[in-house]
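Q: Sequence:
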Amino acid sequence: MSHRLAKAAIALFATGMLGAGAYAFTNTNNVDASYAGAGSAAINGYTVTGIHYGTTPNVNGITSVSFNLNAPATSVSAGLNQPPPPGNGPGPQLAGPAGPPPILWLRCGPVGAGPTFSVTCSVPGPAGYPIAQADMLFVNAAQ
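In terms of UniProt numbering, the sequence shown opens at residue 1 and continues consecutively.
Treat the hints as calculated values from the structure; they're not laboratory data. Yeah, the Cβ is synthetic: ideal placement off N, Cα and C, and Gly gets one too. Heads up, a few of these hints could be off.
[Said to hold, decoys possible] Label pairs and their computed distance ranges (CB to CB):
(1) T74 <-> P124: 16 to 24 Å
(2) A36 <-> P110: 27 to 35 Å
(3) N70 <-> G109: 16 to 24 Å
(4) A33 <-> A127: 53 to 61 Å
(5) G112 <-> V31: 36 to 44 Å
Using the sequences plus the hints, can you model the full thing?
A: Spelled out as structure tokens, the structure:
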């Protein structure tokens, strides 16, 4: 019986040491104060005005797009729709069996100061975007 008692005592001692070690480890973790939470606010759309397309010298390609926003924005991108796949017909292709059309997203510079909050976006490449294929302009803006 004393042999069993010794094994139980060793097991109890080992369990106690593991528990104390775990407590010591967790007791040394320091966490800085932080904030968390949720809130709500109104989301309003932007009004895009004064759209202007810069063109190549032969007026076959769009080299830039500039426009004004009605409010400041910290992030702006603009896109022109890619031409529809062959056999899909002319005109805007908002969605089809394969989903929405691909969009050529443009690099936009910083937003100008108010009251016009002007933005200019560049089309990559010297040939620009073919004017004959441009039938939609997409603008994404966030504050």
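Q: Hints first: check each against the structure and report whether it holds.
A: Against the structure, the hints:
1. T74 <-> P124: 16 to 24 Å: holds (23 Å)
2. A36 <-> P110: 27 to 35 Å: holds (32 Å)
3. N70 <-> G109: 16 to 24 Å: Check passed, 18 Å falls within 16 to 24 Å.
4. A33 <-> A127: 53 to 61 Å: holds (56 Å)
5. G112 <-> V31: 36 to 44 Å: The hinted range 36 to 44 Å holds for G112 and V31, with Cβ atoms some 43 Å apart.
Taken one by one, the earlier hints all hold for this structure without exception.
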